[in-house]
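Just so you know, the protein sequences line up as chains D and V, in that order.
Its first residue numbered 1154, the first sequence is counted upward by one per residue in my numbering.
Its first residue numbered 7, the second sequence is counted upward by one per residue in my numbering.
You may find that some hints are simply not true.
Cβ pair distances, simulated, as ranges [said to hold, decoys possible]:
hint, chain 1, residue 1, chain 2, residue 2, range
1, V, L23, D, P1221, 31 to 37 Å
2, V, A26, D, E1294, 31 to 37 Å
3, V, Y14, D, S1219, 40 to 46 Å
4, D, I1361, V, L18, 48 to 54 Å
Chain D residues, not near chain V, derived (Cβ > 12 Å throughout) [to be verified]:
hint, residue
5, L1182
6, V1242
7, I1283
8, N1357
9, M1358
10, A1368
11, R1381
12, T1382
13, G1386
14, D1427
Think of the hints as simulated: they come from the structure by calculation, not from any bench.
Glycine included, each C-beta is placed from N, C-alpha and C at the ideal position.
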Amino acid sequence: MLQGGAPLRCIAWAVGRSAPRRLNQIVHLGALIHFLPSLGRFHENYVDPTLRSQDWSGTLCSLALSHPLIAPATAVIAVCCSGLAVGGVGQRMATILGGASWYVLASVNAFETQTLALSALWAMFWLFAILGQGSGNNNCEDERVHSALASFYFLGTMMSAGLHKLAQGWPSSGSVANLLNMPTGTFLRDWVVSWRGPSGFSRNMTTIAEWAALAAELVIPLAVVIPRTRSVGIACYTIFHVVAFSLLAVPPLFGMLYLGAIVVLVGLPQKLADLPLVQVLSQRSSHKV
Amino acid sequence: MSFRFLTYLECLSRCVLLGAWLTATAMSWVGGGNYLGGALAAVFPHAKCSSVILGHMGDRIWVPTWEDRQHVSHSLCDLGSTPALGYQCARTYANYVAHPNWLGELCRSNPDLDGAIFSETEWLLTEPSGPGETLRRKCYKGVLP
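Extracted from the complex, chain D is given alone in its bound form:
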């Protein structure tokens, strides 16, 4: 193989035209990032009495306790499948097996399986398992349906989060102040927290923040859907997530899901592939390989 072939192949791989396939790889990578630290302490986290899923699934918990190999085997399958999927190998089967394994593993140990991030994980696994990876051509009907449904999920979830906040008394619930009580954060968060007075954040501050969050969650999905405001909507979607990552202790999985959402909302792989420089690199890569 000629020198430089590998990097060029990597670029060509990264900008392939299948948004669903890239989304699936990102989601699997997110799952690995999300769960691996826990699996790293498997001997502590998946044994009795740490095993604590009676609340969630007594059946799974009993099985895991009576058959000690179930949880480790599930973990191995999940990690292997996600590893394969990230590498683009057998993505559909890896997603079916890996997705089911992650779900079981999460359920066995009472992982909160219904968090906003994990729900998106299950949804994307399921969607890919149904529709598969398509032909690798974005003009393929399956892939357009896939991208549309994934976008529908991400935007709908964002809007429903806003509606749930409304039901919970936002924008005057004071929840933002409580959220900022979480200790760790970026410099931006620390800077915001430094505004906190001895009696906490002022009512006005938290109300303004809640109004802003509500407005973002309720308006951005609509802006993305309407063609004329799509670009602005996606830009605001990005800003919203950057602010959330900067201010709140959100898990890395959220970052991966944001990236996945951008991939399908923007059609990022195709956009990248259409860049002249990338086209030249891809051509050189194919010639060398």
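Once you have looked at the hints, place chain V on chain D.
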């Protein structure tokens, strides 16, 4: 003929599965993120599938193990979290995490702690003291200590 039949079957199965996916998605929106909960409850009788806000946490009052305390101490978010990570407990679903009455509701939702009084300040300042420590000690019956 058989090819058409298989194609038809494949199409049908996809439609059914996509219908289920859309249903689960709609359920998650209505219920606030409870994805697959209904399906799981059908399979596993003990599964919690409550879809209301507090149902997310249910009466799962465990906190992470001692080794993970640094991720979760001084945090409101560790209720219902995994044994391992602060990751899990960090929910941007702010209304779930930070509802002022949430911890109090949690105490009330547990029969053992019925009537307990919750002190947010106490919670924020208290760390788990050992492996498997639960939040029971954070819910005090009667007057606050």
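Original post:
D/G1386 clear of chain V by more than 12 Å, beta carbon to beta carbon?
Top reply: 19 Å, holds
Original post:
Is the nearest CB of chain V more than 12 Å from the CB of D/M1358?
Top reply: 15 Å, holds
Original post:
Was D/A1368 rightly flagged as not at the interface, with every chain V Cβ beyond 12 Å?
Top reply: Nearest chain V Cβ is 14 Å from D/A1368, so the label holds.
Subject >> V/A26 paired with D/E1294, Cβ distance criterion 31 to 37 Å >> reply: Since V/A26 and D/E1294 have Cβ atoms about 20 Å apart, the given range 31 to 37 Å is violated.
Original post:
Going by Cβ atoms, does D/N1357 stay more than 12 Å from chain V at every point?
Top reply: 18 Å, holds
**OP:** Would you assess whether D/D1427, listed as outside the interface, keeps its beta-carbon beyond 12 Å of every beta-carbon in chain V?
**Re:** 30 Å, holds
Original post:
Was D/I1283 rightly flagged as not at the interface, with every chain V Cβ beyond 12 Å?
Top reply: 5 Å, violated
**OP:** Verify that the Cβ of D/R1381 lies farther than 12 Å from every Cβ atom of chain V, and report whether the claim holds or is violated.
**Re:** 26 Å, holds
**OP:** Mind checking the hinted window 48 to 54 Å against the Cβ distance between D/I1361 and V/L18?
**Re:** 52 Å, holds
Original post:
For D/L1182, which was marked as not at the interface, is the minimum beta-carbon distance to chain V over 12 Å?
Top reply: 15 Å, holds
Original post:
CB of V/L23 to CB of D/P1221, is that within 31 to 37 Å?
Top reply: 34 Å, holds
Original post:
So is D/T1382 really clear of chain V, every C-beta pair being over 12 Å apart?
Top reply: Non-interface label stands for D/T1382: nearest chain V Cβ at 22 Å, farther than 12 Å.
Hint check: violations occur at hints 2, 7; the rest are consistent with the structure.
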